[in-house]
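Asker: Protein chains in written order, with the working numbering: chain G, 1 to 87; chain P, 1 to 379; chain S, 1 to 325.
Where hints are given, some of them may not hold.
Beyond 10 angstroms from chain G on every Cβ pair, some chain P residues (computed) [claimed, not checked]: (1) D46; (2) G69; (3) D108; (4) S184; (5) P204; (6) P206; (7) S278.
Listed next, the in silico DSBU-like pairs over lysine-lysine satisfying Cα-Cα at most 35 angstroms (straight line) [stated by the list, open to error]: (8) K13/G x K272/P; (9) K272/P x K225/P; (10) K52/G x K378/P; (11) K52/G x K225/P; (12) K57/P x K28/P; (13) K24/P x K57/P; (14) K272/P x K378/P; (15) K30/P x K272/P; (16) K225/P x K176/P.
Simulated from the structure, these hints should not be mistaken for lab results. Ideal placement from N, C-alpha and C gives every residue a C-beta, glycine not left out.
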Amino acid sequence: MTEAELRSRALEKLLQVAPDIDPDALDPQVPIRDQYDFDSMDFLNFAIALAKEFQLNIPESDYPHLQSLQDTVDYLVRHTGEQDVSS
Amino acid sequence: MSEFRLPSLGADMEDATLREWFVKPGDKFKKGDIVVAVETNKGIIDVEIYDAGTIEKILVEPDTRVPVGAVLANYVSDSTRMRISPAARRRARELGIDPVNIRGTGADGAITVEDVLAAAGPAAPSAEATQAYKPESSQETRREPGREAKPSSATELEPAAGMRQAIAAAMTRANKEIPHYYLSTSIDMTAVLHWLEQHNARRPLPERLVYAVLLLKAVALALRKVPEMNGFFTNGETQVHAAAHIAVAISLRGGGLVVPALRDVQMSSLDKLMTDFSDLVNRARGGHLRASELQDATITVTSLGEQGVETVFPIIYPPQLAIVGFGSIVERVRAVDGEPRVRSTINASLAADHRASDGHRGGLFLAEIDRLLQEPEKL
Amino acid sequence: MTTTYREAMRAALRQALQEDERVFLMGEDVGRYGGCYAISQGLQQEFGETRIRDTPLSESAFVGAGIGAALGGMRPIVEVMTVNFSLLCLDQIVNTAATLRHMSGGQFSVPLVIRMTTGAGRQLAAQHSHSLECWYAHVPGLRVIAPATLEDMRGMLRLALEDPDPVIIFEHNALYNREGELTEVAVADIRRAAIRRPGKDITLICYGGNLHKTLEAATASAESGIDAEVLDLRSLRPLDDETILASVRKTRRAIIVDEGWHSGSLAAEIGMRIAEQAFYDLDAPLARVCTAEVPIPYPRHLEQAALPQVESIVGKVREVMGQNV
């Protein structure tokens, strides 16, 4: 899976949780909750969706790595074993 | 013939638009069945019926806006058809049996004491059956005179604006009628966060808990010690309830909030509470809250920690007796055993109805929440 | 000892006349003729014209005279031929006999016993057959009793004479010829209702002339597996609530058999008392078997059709028990 594919699927999960997010306006570098009304339950739902989608067990200590869309993509690259393809 | 009316789904609701019927004439329904979906300023709500019977006639078609109290359908209630002697009714109540399912052998097929005893059998009455016979709590539908006479233009507002108006009505009433007193205390959350970290580390993501769940459980358990925070003030009387149906304030995307209730929190395990809480938040935002969830809350908890707020000064949601507010978890320097230490703390605040309780009891209530949160493993 | 209700009452009168010199009997045709229903036959020869006195056909006058005699220290027994005729002396009974103790502040009492026949069944038509006991049972200051057994017919008179206030004894005319075994007279009582037949399923409340029909109905109901209790009121005023309620609380069902008309009847009063005090003990609607709301007809078949009968009581019992046929 390429980084672009990972990004697209992560964004899809994000929009499922928070349909009011405008993907074109979302700054991937800035934490999502600083841009949108995205609370801890939304985050939890997002994390659960990612874990299911990518067959990951995301420990609580990794939550800080999922704050912005770019952080999330980077995290997925590291943990899905797809980094060779992406770079 | 009985009438199924649009219930009030909270002090702030005036009307709703009927969206979908789940029953048609001739359909039988049980107590608690969802029969209709209505759209209110809180979104689409599934409305249950608190009787058993057969639908006779649908009176309101989908996409019609009707005021609270409007008759939506006529039905024949099983209870009106049920003939039961006074003695049998009393005995059934004593035994905790719902007579609906008993076959009557008396005059005109009435249920007699013998029928009740036969139905009871030799076994002891079950707790579930006892529950089934409890009178409904807070099922009153408020209908103020003149309300339906209001010009329809006043209600032809965008949903968000309608909700704003509804919140305004409820909070105005609260501030006008309820003599609030306010208390606040800072609670050390270090133990909770430590326990949570260890607990969640062993669990897959969907089974992990959020700290809010522990706060809710602590509030519910503290109500056992100070029950006069839990219930309603109606018609000049305080009605204290044993079961803690805790409403949680959930903000909605695009503004506004709903306060649906988690039922019997005092009896729920943390895992069940987490599942219920998560489900409630998702349905609050995605639609299909149930009418009962908006009707029978006995106390409210609001948490504004997400926005970095440290202390909440909440307003009671009438006719409840109290509301508990939690701010965000903040690291503060606290004296521990005479030494300055950095601890994770949360400010808990209480607004309570002075007609029902006094500050001393409110203080005990907050102190009990604090005490419970120092032993998270026991929650 | 085998005897009739008529002989039992005559024996009661004879005993009263023998035991107390203040006692005398007066009424229409009670002396030379021996009484319209032959109750007092032979008593005038035995006790003389001063103690068995024939009166003119003037109920108001001779009941009034009885009240005066009672006030003057006598113990009069006044016979009024039927309750229908007693309407002519209603003023004396209700306005005078029943009120004097109250209006004199307890200084006077009226120890008067009035005997009346009541009830239908003998083709005496609408002016001689009505059951107006409830009219008198309505009035404070009176005690109203109705013997239904031989023992009560024999023993109630003496107890009535012992009462310092006016007592009205209603004797159902259908009982007089009835024959039976008279046992101990001492069991008579004018204060407490009596359970004439114990049962567990339903209480049949009756009095006077309808006790035997009701007992027959209870026996017939037993064939359908219904164990009926039969309660004989004995006293129509005051009503023995305690015994009535105890029985109804046990059986949880009640039927009142009353030869009066439904409307404003004793049955209505008793039913209401049960509803007031034992509602939550009831397992079936209260019911009653009363007389059809017509003046009692003369033709035999119509008269019988108008009155409570064994069959109609049995039918009502089965209805209340849920055995609809």
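Asker: Indicate, hint by hint, whether the structure satisfies it.
Answerer: Comparing the hints with the structure gives:
1. No beta-carbon of chain G is positioned within 10 angstroms of the beta-carbon of D46/P; the least distance is around 21 angstroms.
2. No Cβ of chain G comes within 10 angstroms of the Cβ of G69/P; the nearest lies about 34 angstroms off, and the non-interface call holds.
3. No beta-carbon of chain G comes within 10 angstroms of the beta-carbon of D108/P; the shortest separation is about 56 angstroms.
4. Consistency note on S184/P: stated as away from chain G, and its beta-carbon is indeed over 10 angstroms from all of that chain's, at 22 angstroms minimum.
5. The claim that P204/P lies off the interface is violated: its Cβ sits roughly 6 angstroms from the closest Cβ of chain G, which falls inside the 10 angstroms cut-off.
6. Non-interface call for P206/P relative to chain G: violated, since the shortest CB-CB distance, roughly 5 angstroms, does not exceed 10 angstroms.
7. Taking the minimum C-beta to C-beta distance to chain G, about 7 angstroms, the non-interface status of S278/P is violated against the 10 angstroms cut.
8. Using a Cα cut-off of 35 angstroms, the hinted pair K13/G and K272/P holds, with the two alpha carbons roughly 25 angstroms apart.
9. With a C-alpha separation of about 23 angstroms, the suggested pair K272/P and K225/P falls inside the 35 angstroms cut-off, and the hint holds.
10. Of the supplied pair hints, the one linking K52/G and K378/P holds, its CA atoms being roughly 31 angstroms apart against a limit of 35 angstroms.
11. For the suggested pair K52/G and K225/P, the alpha carbons sit about 42 angstroms apart, so the restraint of at most 35 angstroms is broken.
12. In summary, the hint linking K57/P to K28/P is supported, as the alpha carbons are separated by about 12 angstroms, within the 35 angstroms threshold.
13. As the CA atoms of K24/P and K57/P are separated by approximately 8 angstroms, the hinted pair is consistent with the 35 angstroms bound.
14. Proximity of K272/P to K378/P is assessed by CA-CA distance (about 15 angstroms); at most 35 angstroms being required, the pair is judged to hold.
15. Of the supplied pair hints, the one linking K30/P and K272/P holds, its CA atoms being roughly 26 angstroms apart against a limit of 35 angstroms.
16. Only pairs whose Cα atoms come within 35 angstroms are accepted, and K225/P paired with K176/P is accepted, the gap being roughly 29 angstroms.
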